[in-house]
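Engineer: Read off the chains here:
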Amino acid sequence: MKGNGSKIKRTPSNIIFNLIAYSIILVLTVFCIFPLVLIVSGSFTQNSVLIREGYRIWPSVFSVASYQELFKYPAGILKAYGSTIAITVIGTSIGLFVMSMTGYVLQRKDFFYRNRISFIIYFTTIFGGGMVPWYILLSKYLHLQNSYVARVLPLLMTPFLIILMRTFISSSCPVEIVESAKIDGAGDFKIFNSIVLPIIGPGLATVGLFLALAYWNEWYLTSLFITNRDMYSLQFYLYDMLNSARFAQEMGMYVGDRELPSESIKMAMVVVTTGPIIFLYPFVQKYFVAGIAIGSVKG
Amino acid sequence: MKKIVCLLLALALSIAVFAGCGGNDNSSSGNPPSNTSGGENSGTQVSESGVDISSKAKLVMWTPGTAPRDLQRISGKLNEMTQRDLNATLEWNMYVDVQKLNLLLTSGEHIDVIYAANYQNYAVYAAKDAFLPLDDLVPKVSPALQEYVSTEMWDATRVGGKVYMVPCMWEEWVPYGFLWREDLRKKYNLPEISDLESIEAYMQGIKDNEPDMQVTGEMVSTYGSLGSHFTTWEFLDRQYKWADFRVPYGLYIDYEDPTKVINWWETEEFRNDMKMFKRWADAGYWSRSALANTETKQNAFEAGKIACDLAFNAPSGYANLVSRVAASHPDWELGWQPHYRVKQLATPNHATQNGMAVPASAEYPERGIMLLEKLILDEEYYRTSQYGVLGEDYEISEDGYYVAVGEPSSAGFPREAGDLWSTRNEDFMLYPETTAKVLKELNDEFRTYTRPNIWTGFAEDTTPYQTEKAALANVITQYLPPIQAGLVSDVDAEIDNLLEKAKVAGLDKIREEYTKQWLAYVEEHGLAK
Amino acid sequence: MTDGQKVLKAKSKGKGRFLRELKQNKILFIMLIPALLYFFINNYLPIIGIYFAFTRFSFSGGLFGSPFVGMENFRFLWESGKLSMLTINTVGYNIAFIFTSNFMQILCAILLSRIGNKYFKKTTQSIMFLPYFVSYVILNVIVYNLFNYDVGFINGVLRSMGSAPFDAYNNPGIWRFLMVIFYLWKQIGYGTVIYLATITSISPELYEAAEIDGANVFQQIRYITIPLLVPTFITLLLFSLGGIMKGQFDLFYQVIGNNGVLYDVTDIMDTFVYRSLKQDFDIGMSTAAGLYQSVFGFIVIMVTNTLIKRGHPEQALF
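Protein chains in written order, with the working numbering: chain A, 1 to 299; chain B, 1 to 529; chain C, 1 to 318.
The shape of chain A in the complex, shown without the other chains:
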């Protein structure tokens, strides 16, 4: 009987594999992180130097002025953080529950209409009325302007994640379990709630992660529906700041009276909005990196 963490034998093929694996992953990691290093370094560089000399791996003239500038009026950023965190948590919880429920029904092979309903859901990814009719519906008829619902509702369910969930459930939840529960007299919802949900850990984690990320990164909904500054999403706060110069120019407005945000501040803003996720991510990671599948059917 093998226990956890069985030793990996040092066969030649294993050694070769490790060589290949470690080097490829290393190269890709450097590839990914290189621009990020430039961003962080830019945020700590004095602004005029940044404009004149461009970005370096290490700031040529170190300065924390941008961060000081950003946090002089922290109220805006803090409110954006607050509302974004709250919406992410709430939206993800609701969305995850409903999508798992839907995915469960759709993978039940004894449900005659599952293919048709899957198609109905999937069809929305191909055809759409366009942005304007949807905007009219939400703002004019559902009155979602300056409402948090406008930031939650449109992202709540995506066909992609529902189908993904369906795939996860069907591969990790064998029919025998469901059947034996039914024989015991359990209703479908109870089966879903008490039996299925607990064993689809990795699926929940994956879909939950994607959903949470969608909520965290959201700025488009805010730009359409929110004019109340206190309700800005975090990314929109950044986007607003980043684009004020470009907008002014595109609209041909003189930017004479106002200070435009500097290059360095823009970079600092990126660091501030992305930072916390970096710290959160390792905790969610364990669901994927664990060598042993959670809830696989044993014997």
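Take these hints with a grain of salt, some might be off.
To be verified - With a cut-off of at most 20 Å between alpha-carbon atoms, the simulated EDC-like pairs for lysine to aspartate or glutamate come out as follows:
| id | chain 1 | residue 1 | chain 2 | residue 2 |
| --- | --- | --- | --- | --- |
| 1 | B | Lys58 | B | Glu91 |
| 2 | B | Lys501 | C | Glu79 |
| 3 | A | Lys79 | B | Asp70 |
| 4 | B | Lys516 | B | Asp244 |
| 5 | A | Lys72 | B | Glu392 |
| 6 | A | Lys140 | B | Glu91 |
| 7 | C | Lys278 | B | Asp461 |
| 8 | B | Lys440 | B | Asp427 |
| 9 | B | Lys100 | C | Glu79 |
Calculated from the structure, these hints are not laboratory results.
Starting from the structure of chain A, add chains B and C where the hints point.
Structural biologist: Chains B and C in isolation, oriented as in the chain A frame:
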């Protein structure tokens, strides 16, 4: 079966709802709420001009730009005032690009007052009934406002014979001009800036002596009717007495004789100008990657990255730059040569440059007009909406100048941060001291050779060639800026290519139709000499 | 057919079937209500807007009050002479994106799942995920600072090594590769997660059994891991294909922007339409363009799904 019936019912219901949306809005606008009899409302529920304001209104106003940090605070102050005077709450929002403006108007959501301008498709929207006609509305609701705007200005905003916006009466000249570092010019003994040769000498001098600086930061701009163009084009405004440098479709309209319309892209002069830009590009006066540059020239100039700007916009912009630079780089000296001075022809802003319109979706158009009257003609409203709260956002110096409170970089509501350019009024305006001096000098100068603006008010009707225009837009965006930037190997060949592709997209049809409309406009407004 | 079979066959059609199904699986239907309601409101109601594509919009008329103009709004698509170039670019890039990104993501997932060192695994995976958070607006700033002719990072390095600087922005040839690389940069971490999760749910007993039989790492990957990843890949593929005529608008708009020199190589449907309609935003024309993209994607999907049904029937979406 039941399921299908239910679905159909729901569908039918929603169609009915949608169908109702466009039509209804027109019927509900313009009707004042009926006079409530009975003594519940106190006597002050009728405005001076006799408009009934006894029911509470909810006004929504939109201006362009990114909202300053304290917009809500200032909007709140105005809200107090409108509740007091107009029995209406005020919500003030800002839209950040033309896409959003399109969305706001197309979706027909509740907006009572909105910014309108020729460079933001005023004429197109007016022609498509996006705005309410104001011919009868303004005199009825606000005789004071009707009086305040001159007849010429009202007429200048007419589209299809009707007035659709309240124009800005503040006389303003906003030429582009050549901006340079006077301290660097003196340092390297370069000739005084006057004609083209001196400018070239300056640029070459910088190139030779300041290897760490870029000479200019010219880039692609998408502003206005021209669509995509390289900013060097704006430099040419100094050379030609044309009706405007923004005349589109490669046309040239002569200022002195507006009936003279020339196909400019086909002429020798155009080729020569483009070759001049190529010479400059080859000399390295702007980056070879300039077409991809998104950094504003202003930022680059203030950071000391570039030494001049071929087309720096506006006297007020220059004045502000001077005062900012005085603080950040006291050893610098700046110079600005407005294009108007070079060609001795100045045209003030047209009436349709900045205005306020009432959308067709307005729920309280009369109250909206009253709000405009207050914003323009009432000092308290004016000062609050433009400058903020006295003592918190600004002070007034002994000489009557505007003084900002606190650091400009951390101001919650800097001067005119709400972009209410349409409601500016000379009587109430406050200038910062340096701005005042610079502006006064320049404006006085422009006044000596100012002449009427004949082109900017022309309302082009694009419906006959909408499709071709879209196709042409793509041709222009792809081929024109590289030519204007001189970043092509063979100027003549590229211009020929541009013309060929443009003709395929429908250039001739567009030009023909446009010229026809223009000549009719000239006839109608008696502009021919 | 026996009588019994005939009865069964008759029963499997029509109202009888539906009502029986409803009674039998009542709770399942109820469990579907939130999703169905959601999609009805958020997606199906606005579909009425497709009608915009066939009208000349007037503000006073609204949706149904504006005059009907048939296919007029579609004209600008083919009159520009660019439709074939755009189609090739859009589809080409999407296919390149789909296949390179999925290949790299599968590769990374497999490698990561097999790497022994926990800290290495966790760190590198987190890092690879980060680019997903960086919006294309910022990416553009970085790209410009890397590639620009005068003070770009790359040219700085080249100059210090004594070789001539490289004028990237005027050189259309390399941009096809660059766009794929940028897309890969942003998406690699994200997709790897999906495949990793799938690998995690593979029972380790399969690997143990294979090892006993003498299979080495490469063989295990080839015969166990990859086949079990195919269903996920097909799911992802089908989703991506539906949008094959739509593009990564953000990526192209931000990184290429107004640089016309590169358009022939990098212009896609979305950016083309955006620029055409920027000045005179016309909802009729933009909806028409969207409709074209949707129909195209629909046809591609129907064909692909049918093909997949023959090979892997469970993996077909419907």
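Engineer: Are the hints correct? Go through all of them and say.
Structural biologist: How the hints compare with the structure:
no.	hint	verdict
1	B:Lys58 x B:Glu91	8 Å, holds
2	B:Lys501 x C:Glu79	11 Å, holds
3	A:Lys79 x B:Asp70	15 Å, holds
4	B:Lys516 x B:Asp244	18 Å, holds
5	A:Lys72 x B:Glu392	17 Å, holds
6	A:Lys140 x B:Glu91	17 Å, holds
7	C:Lys278 x B:Asp461	16 Å, holds
8	B:Lys440 x B:Asp427	15 Å, holds
9	B:Lys100 x C:Glu79	28 Å, violated
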